[in-house]
Amino acid sequence: MTTRTQLLVGTPKGIFILESDATRSDWSVRGPGCEGWPIHDVIVDPGSGALLAGGGSPWYGPAVFRSEDDGATWTHSSVGLTYGEDGEAIKTVWSLAAGPDGTIYAGVEPAGLFRSSDGGVTWSHVAGLRDHPTRPGWAPGNGGLILHTIVPHPTDTDRAWVGISAVGVFETKDGGATWEPRNSGVRADFNPEPNPVTGQCVHKFAAAAGQPETLYQQNHCGVYRTDDGGEHWDEITPGLPGQFGFPLVTHPRDPDTAWVIPLNGDDKGRYMPEASAGVWRTHDRGTTWLRSGDGLPQEHAYWGVLREAMSRDTLEPVGIAFGTGTGQLWHSADAGLTWNLVTADLPTIWSVESVVRGD
Amino acid sequence: MATVLLPRSLLTLFPGVDRRHEVAPGTVGSALEELDRTIPGLRDRLVEPGPRLRPHINVFVDGEPGDLASPVARGSTVHVIPAVSGGSAT
Numbered sequence: 001m002t003t004r005t006q007l008l009v010g011t012p013k014g015i016f017i018l019e020s021d022a023t024r025s026d027w028s029v030r031g032p033g034c035e036g037w038p039i040h041d042v043i044v045d046p047g048s049g050a051l052l053a054g055g056g057s058p059w060y061g062p063a064v065f066r067s068e069d070d071g072a073t074w075t076h077s078s079v080g081l082t083y084g085e086d087g088e089a090i091k092t093v094w095s096l097a098a099g100p101d102g103t104i105y106a107g108v109e110p111a112g113l114f115r116s117s118d119g120g121v122t123w124s125h126v127a128g129l130r131d132h133p134t135r136p137g138w139a140p141g142n143g144g145l146i147l148h149t150i151v152p153h154p155t156d157t158d159r160a161w162v163g164i165s166a167v168g169v170f171e172t173k174d175g176g177a178t179w180e181p182r183n184s185g186v187r188a189d190f191n192p193e194p195n196p197v198t199g200q201c202v203h204k205f206a207a208a209a210g211q212p213e214t215l216y217q218q219n220h221c222g223v224y225r226t227d228d229g230g231e232h233w234d235e236i237t238p239g240l241p242g243q244f245g246f247p248l249v250t251h252p253r254d255p256d257t258a259w260v261i262p263l264n265g266d267d268k269g270r271y272m273p274e275a276s277a278g279v280w281r282t283h284d285r286g287t288t289w290l291r292s293g294d295g296l297p298q299e300h301a302y303w304g305v306l307r308e309a310m311s312r313d314t315l316e317p318v319g320i321a322f323g324t325g326t327g328q329l330w331h332s333a334d335a336g337l338t339w340n341l342v343t344a345d346l347p348t349i350w351s352v353e354s355v356v357r358g359d
Numbered sequence: 001m002a003t004v005l006l007p008r009s010l011l012t013l014f015p016g017v018d019r020r021h022e023v024a025p026g027t028v029g030s031a032l033e034e035l036d037r038t039i040p041g042l043r044d045r046l047v048e049p050g051p052r053l054r055p056h057i058n059v060f061v062d063g064e065p066g067d068l069a070s071p072v073a074r075g076s077t078v079h080v081i082p083a084v085s086g087g088s089a090t
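Protein chains in written order, with our numbering: chain S, 1 to 359; chain Z, 1 to 90.
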């Protein structure tokens with residue numbers, strides 16, 4: 001069997017697909033797909049292997065694109081992606097995720113959650129989330145009122161966590177009928193009440209491998225870990241150069257390992273700390289952090305990395321990829337120790353998804 | 001019958017669909033609903049909840065700016081044109 005690796009890159013000008021082999025040393029580039037639509041997130045439908053890309057056109061509205069030929073051709077649909085004729089208009093699809101039973105979830109702007117049981121062809125609203133009594137107070141972050149993170153429980157189809165900016169983390173334990181905020185222990189420095197139930201600026205979170213009650217979170221105000229499904233979060237920022245950043249990914253097999261890319265601060269330009277690029281990793285659940293800048297520019301790195309723009313594959317060593325706001329795509333084939341520039345010529349990179357395929 | 005001319009950027013989403021279509025007289029809204037029956041998903045690309053035309057979609061009936069309620073007479077021509085403002089977000 002031949003192993004193919006792919007990086008699926010979402011940009012304001014469509015999806016780009018980069019391909020390599022198991023060495024992940026040389027990459028080809030093709031695209032743009034999805035007719036050049038702004039694409040916020042791309043995943044693989046685990047049931048069929050099809051590519052799913054979520055986005056929204058400023059002219060033509062939100063849609064989820066689907067390709068069954070590895071990105072050569074695309075169809076699109078927004079059937080059911082609506083809050084109804086009396087509801088707010090949905091601007092765009094921000095995030096996609098697959099549940100353990102093959103259900104596909106879509107997070108949208110303005111914030112809400114949809115699910116599809118037919119691989120993204122038709123959608124139904126998970127209304128319980130927007131029925132939450134805190135919703136009248138939901139306020140947008142800098143990127144809008146967006147549902148940007150979806151973490152389905154790996155085995156329990158009734159459980160999932162979502163992240164909304166600037167509202168916080170919510171969990172359902174009943175298949176989406178009801179939701180509870182999960183923001184205890186998280187700071188909101190920009191809020192008169194420093195630990196509000198909602199009004200939290202979650203940037204990204206991900207589950208630990210094999211430990212679904214453990215989640216790691218990059219927030220506007222620090223990095224956190226919970227070991228009880230979000231009932232309480234403990235801050236693990238110490239050791240990092242700052243509290244502010246966007247992406248976070250977890251190891252596919254080691255629950256103690258995660259990677260983040262801190263920026264220099266929310267009010268200082270949002271680029272690499274001291275303009276020196278580095279990716280930080282923990283191997284002990286956030287107790288200590290290690291920096292790697294090997295291969296990355298160590299001066300004049302005035303770029304940032306957005307919340308969905310880092311991902312990891314499932315090979316050994318783990319491959320890590322991230323894309324910058326300036327269109328550079330970087331990759332590490334040794335779990336983040338050393339870095340190589342894949343291409344510097346893409347549009348602003350909104351999302352990166354790492355895929356391993358066997359032919 | 002009346003004629004509807006669709007934007008070329010929309011046609012890329014519906015391979016094989018022609019730009020020019022003949023529809024029954026009525027309104028812009030009824031014309032788009034008629035087209036959606038033969039081109040499923042087309043109306044969603046042009047109309048948002050309300051229903052109303054999406055913010056950066058313009059419609060002209062015989063050269064005059066219109067909306068979903070605008071009458072479309074026998075022999076009329078409806079141009080559907082994306083606004084140049086729509087690209088500002090990207």
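Since the hints were derived computationally from the structure, they do not count as laboratory data.
One thing to keep in mind: the hints can contain errors.
Unchecked claim - Just a sample of chain Z residues kept apart from chain S, beta carbon distances all over 12 Å, derived:
no. : residue
1   : Met1
2   : Thr3
3   : Thr12
4   : Glu22
5   : Gly26
6   : Glu34
7   : Thr38
8   : Asp44
9   : Phe60
10  : Asp62
11  : Glu64
12  : Gly66
13  : Asp67
14  : Gly75
15  : Ser76
16  : Pro82
Unchecked claim - Pairwise CB distance ranges (calculated):
no. : chain 1 : residue 1 : chain 2 : residue 2 : range
17  : S       : Gly141    : Z       : Ser85     : 19 to 27 Å
18  : S       : Thr2      : Z       : Leu5      : 46 to 54 Å
19  : S       : Gly80     : Z       : Gly75     : 32 to 40 Å
Stated by the list, open to error - To give a feel for the contact side, a few chain S residues facing chain Z, derived at Cβ under 8 Å:
no. : residue
20  : Gly31
21  : Pro32
22  : Trp59
23  : Tyr60
24  : Gly61
25  : Ala72
26  : His76
27  : Gly80
28  : Thr82
29  : Tyr83
30  : Glu85
31  : His283
32  : Asp284
33  : Thr288
Cβ atoms here follow ideal geometry from the backbone N, Cα and C, with glycine treated the same way.
Hints and how they fare:
no., hint, result
1, Met1, "holds, 26 Å"
2, Thr3, "holds, 22 Å"
3, Thr12, "violated, 5 Å"
4, Glu22, "holds, 23 Å"
5, Gly26, "holds, 20 Å"
6, Glu34, "holds, 18 Å"
7, Thr38, "holds, 16 Å"
8, Asp44, "violated, 5 Å"
9, Phe60, "holds, 16 Å"
10, Asp62, "holds, 23 Å"
11, Glu64, "holds, 21 Å"
12, Gly66, "holds, 17 Å"
13, Asp67, "holds, 15 Å"
14, Gly75, "holds, 28 Å"
15, Ser76, "holds, 23 Å"
16, Pro82, "violated, 4 Å"
17, Gly141(S) / Ser85(Z): 19 to 27 Å, "holds, 24 Å"
18, Thr2(S) / Leu5(Z): 46 to 54 Å, "holds, 48 Å"
19, Gly80(S) / Gly75(Z): 32 to 40 Å, "holds, 37 Å"
20, Gly31, "violated, 15 Å"
21, Pro32, "violated, 12 Å"
22, Trp59, "holds, 4 Å"
23, Tyr60, "holds, 4 Å"
24, Gly61, "holds, 6 Å"
25, Ala72, "violated, 12 Å"
26, His76, "holds, 6 Å"
27, Gly80, "violated, 10 Å"
28, Thr82, "holds, 6 Å"
29, Tyr83, "holds, 7 Å"
30, Glu85, "holds, 5 Å"
31, His283, "violated, 39 Å"
32, Asp284, "violated, 41 Å"
33, Thr288, "violated, 40 Å"
Of the numbered hints stated above, those contradicted by the structure are hints 3, 8, 16, 20, 21, 25, 27, 31, 32 and 33, listed in ascending order.
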